[in-house]
Amino acid sequence: MSRYGPEYWDKYGSYRTPIAFHLSVLVLLRAYFIWIVAGLSRRPELDLMSIFFKSKNDFFIAIAIGAIAIVPIILFCLRRPRESHKSSERLAKIWRYMRWPLILCAVIDLTWLSIQAAHSYYHFSLFLAIQMVVVLWVLWYLAKSRYLTVFFNDWPEPTEKAAAEKRLNKD
Numbered sequence: 276m277s278r279y280g281p282e283y284w285d286k287y288g289s290y291r292t293p294i295a296f297h298l299s300v301l302v303l304l305r306a307y308f309i310w311i312v313a314g315l316s317r318r319p320e321l322d323l324m325s326i327f328f329k330s331k332n333d334f335f336i337a338i339a340i341g342a343i344a345i346v347p348i349i350l351f352c353l354r355r356p357r358e359s360h361k362s363s364e365r366l367a368k369i370w371r372y373m374r375w376p377l378i379l380c381a382v383i384d385l386t387w388l389s390i391q392a393a394h395s396y397y398h399f400s401l402f403l404a405i406q407m408v409v410v411l412w413v414l415w416y417l418a419k420s421r422y423l424t425v426f427f428n429d430w431p432e433p434t435e436k437a438a439a440e441k442r443l444n445k446d
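Per our numbering, the very first residue in the sequence shown carries number 276; after that it's consecutive.
Hints listed in this document are in silico derivations from the structure and should not be mistaken for laboratory results.
The structure presented is a predicted model; accordingly, all values stated were derived computationally and were not measured.
Careful: at least some of the hints might be erroneous.
[Said to hold, decoys possible] Label-pair distances were calculated between CB atoms; the ranges are: (1) D322 <-> I390: 19 to 27 Å; (2) S400 <-> W375: 29 to 37 Å; (3) K331 <-> S362: 20 to 28 Å; (4) F402 <-> F335: 17 to 25 Å; (5) Y372 <-> A339: 18 to 26 Å.
All C-beta atoms in this analysis are idealised placements derived from N, C-alpha and C, irrespective of residue type, glycine included.
Please model the complete structure; the sequences and the hints are all you need to start from.
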């Protein structure tokens, strides 16, 4: 596994989150973001949901597919130094495997987009084509990125207080 220098570290000494990771999460959770924006929109004549989803069934399937990526995102939000050494170790063990649910989500999403294209009798849809290309890029990025391998194997060390408590417990 290759190592990256200090320019790749954040203020906690952990590897920085790549921008492409944030974009990948945005793509995988796009149904949730569209839902939030549509909910916050105060204009009933502008039906944002019907622009992006043909039916309610398509929306609910997109929400279910995106739900696979929620657990890794929750753990990503918890990726800060902890006071407890035990909780930090537990979260680090779980975080190490969170790349796979994201890859699974991208594969299922790409499959769903392919099914949608097949149900439109392969009539070309620019909207579907763009989504498929973007999800394919996300899948390729999640599977092939060397930096993500290092990023998912890294977890912030506990704070100095927790490290001191662990030393006292050993003695």
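Q) Going through the earlier hints one by one, which of them does the structure break, listed in rising order? A) 3
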